[in-house]
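Engineer: Single-letter residue listing:
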Amino acid sequence: MTMLRHARTGLLFGLVLLLSACGGSKVVSRIDPNEQVDLSGNWNDTDSRLVAEEMIADCLGSPWLRRFHQNESKSPTVITGSIRNKSMEHIAVGTFLRDIERAMVNSGEVQVVASAEERGEIRAEREDQRVNATPETLKQMGREVGADYMLLGEINQINDREDGKEVRYYQIDLELVDIETNVKTWLGQKKIKKFVGRSAYKP
Amino acid sequence: MAAPAPRAGLWDVLPLLLSILVLGTFGPGCASRAQDLSLVREALYRGDVESALTEFDKVGGKDTDLLHLLEQGYLLHVAGRWEESNEAWQRAEERAEDLYTRSITREAAALLTSDNALPYRGQPFELQMIQYYRALNYLELGSLDGALVEARKANYLADQVYAKEEEEDDEDGKLGPTQHPNAFLDYFTGLLYARAGEWNDAVVSFRNSYAGYGEANVRYGVGVPATLTRDLYRALLRTGQSSEAARIAEAHPEAVSGASESAGKTKRIVVFFESGFVPHRESVDITLPIFDDKGNSSAWLYVDRYGPEIYSYSSSAELDHVLRFAFPRLETVPSPVAHCELDVPARGALSATPVLDLGAIAEDDFGQRLPRILLKTVARALVKETQRKAAKKENEVLGWVINAINVATEQADTRSWIFLPGRIDVIDVEVPAGVDTVKGRFVDKFGQTVDEWTLDLSGSTSDMEILSLRTFH
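For the protein sequence lines, the chains are D and W, in the order given. According to my numbering, the first sequence is numbered sequentially starting from 1. According to my numbering, the second sequence is numbered sequentially starting from 204.
A few of these clues could be false.
As the list claims (entries may be wrong) - Between beta-carbon pairs, the in silico distance windows are: (1) D/G120 <-> W/P537: 53 to 63 Å; (2) D/S62 <-> W/V638: 50 to 60 Å; (3) D/S82 <-> W/S661: 24 to 34 Å.
By construction, these hints were calculated from the structure, which means they are not laboratory data. The structure displayed is predicted, hence computed values, not measured ones. The C-beta atom is built at its ideal place from N, Cα and C for all residues, glycine as well.
Produce the complete structure using the sequences and hints provided.
Structural biologist: What follows is the structure in structure tokens.
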């Protein structure tokens with residue numbers, strides 16, 4: 001009987017050793033891209049999408065657009081400028097910019113032109129067409145649409161941490177600047193506050 | 204005439220044979236982390252980084268192992284594979300976050316086996332150095348914004364360390380732990396902010412660094428670097444804080460003379476010289492055969508009785524069990540590098556200033572941890588001995604099996620990030636326009652060049668470059 005008890009002790013010992021040496025197995029499953037999943041508390045795809053949608057909705061609901069329509073017979077043209085990441089995380093600003101452009105274009109209220117970086121590639125293509133494309137399909141030079149406004153922004157972050165508790169505060173500031181006059185026509189701000197709790201121990 | 208010693212039967216010597224077998228199999232064969240990576244280090248000594256990476260891959264490791272990720276990130280950094288290096292360190296940071304929560308199961312396993320059963324959490328100073336290297340990677344990739352993200356992270360971590368110090372000062376009424384590279388990291392991040400033109404942030408970082416070098420780092424023999432006082436003075440003027448700038452100028456007149464900025468005519472280069480290695484952990488193994496000498500079984504008596512021939516005992520003193528203790532000690536790796544120079548055309552050889560003694564910080568950190576490590580070693584020995592005794596009481600063979608397992612599992616935790624430099628020096632100099640190359644030299648105490656690098660500045664578009672050089676000698 002006692003022999004059996006000690007055999008159990010030995011087995012338990014071995015099991016503990018084994019457990020301490022083994023890692024977990026990997027599980028992969030597909031989920032809806034719109035599903036909200038927060039793992040680390042860092043800025044993620046949900047933040048990017050929600051902030052872009054909410055801020056652009058705010059932007060397009062502001063008086064500047066109504067005034068523009070009163071004075072002009074066309075939709076305003078917007079170009080996205082730089083959005084500076086001044087946070088403590090390596091935020092994929094490109095993804096955020098695409099979310100903003102998508103929200104603006106899908107609204108039908110404004111038109112968006114290619115950014116400075118994208119323009120270079122498109123101009124190179126037009127240059128190439130001059131040599132290689134048929135005359136009827138050749139696209140003309142000098143017919144680009146000039147933007148009326150430039151969207152600029154900044155992402156700031158403040159963290160506060162004590163033991164296992166952490167509050168992460170993100171402030172996203174966007175501004176729409178009239179390219180001709182430098183007048184800031186719209187200022188938008190979105191704040192995100194997250195609480196990240198970590199327990200000191202787990203089983 | 205002495206009576207012949209009685210012959211021991213197979214059963215008498217079996218436990219000893221078993222112990223020897225177990226020790227031979229598991230004991231001395233368990234190399235320290237530094238020994239595991241000796242071929243990697245040899246390749247680095249030869250300057251063959253690609254071979255070092257190959258050898259490192261042969262050693263292997265998991266992505267869940269923080270230490271593996273730290274070392275992998277570092278080797279990729281010195282190989283110039285900046286993006287891959289950043290990816291490894293990103294995973295390391297995420298892993299370090301995950302490890303905040305301790306597993307009770309693993310803690311219990313560690314008490315029954317060794318601290319190696321616990322995942323490596325990294326020493327705080329090791330984790331802080333990630334931001335320095337990642338920022339350098341981003342600079343090499345041409346992403347100042349990326350480097351600034353690392354700067355903000357470094358400041359945030361430093362703030363947490365400072366807050367912890369203050370908390371401990373309040374509780375104990377004494378100075379808290381100072382084994383951190385905060386002053387250096389504040390200086391480094393100040394440079395990054397200055398390069399980005401973010402002068403308010405630069406002032407805060409330089410000011411914190413100035414205070415840090417003035418207080419905590421005195422014990423490491425690294426005073427306030429002259430280049431820092433100049434940077435602080437310059438940043439204070441830029442932000443219109445003239446009264447504080449005047450105080451700095453009064454305390455450090457040399458800061459004022461070197462602070463004039465000659466835009467356009469020169470390019471400012473800041474070069475960090477990294478040399479040596481931080482001390483690493485090696486194992487101290489103590490194996491004690493404990494004899495049952497029929498009533499006088501106090502462990503210490505066998506030394507008196509059998510002297511240097513403790514293994515030539517007769518059957519009157521049978522081996523009762525084997526005790527093994529293992530704990531880490533710190534092994535210093537001497538570096539031949541005495542100082543560093545930058546050879547700038549028309550300016551000659553300029554000497555670098557020490558800004559970080561990471562070796563001293565590692566020693567200080569280990570010194571503060573050692574009492575706890577030893578206490579855990581003793582506690583573990585007690586738990587193991589209780590297990591063995593209980594087993595032996597019921598069954599002799601099981602007692603020996605448990606003893607053998609106890610001995611085999613007793614290993615020192617020798618894990619640490621061994622590739623970190625022992626020391627970092629800096630040169631901050633204005634290079635005349637048109638100078639495309641400068642030479643960085645690591646020099647020994649006899650003035651002989653230990654290692655030499657040529658820095659190509661021809662592709663540089665910024666008016667301020669922050670670079671680093673590493674010698675593995």
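Engineer: Look at each hint and say if it fits the structure.
Structural biologist: Hints and how they fare:
| no. | hint | verdict |
| --- | --- | --- |
| 1 | D/G120 <-> W/P537: 53 to 63 Å | 54 Å, holds |
| 2 | D/S62 <-> W/V638: 50 to 60 Å | 53 Å, holds |
| 3 | D/S82 <-> W/S661: 24 to 34 Å | 28 Å, holds |
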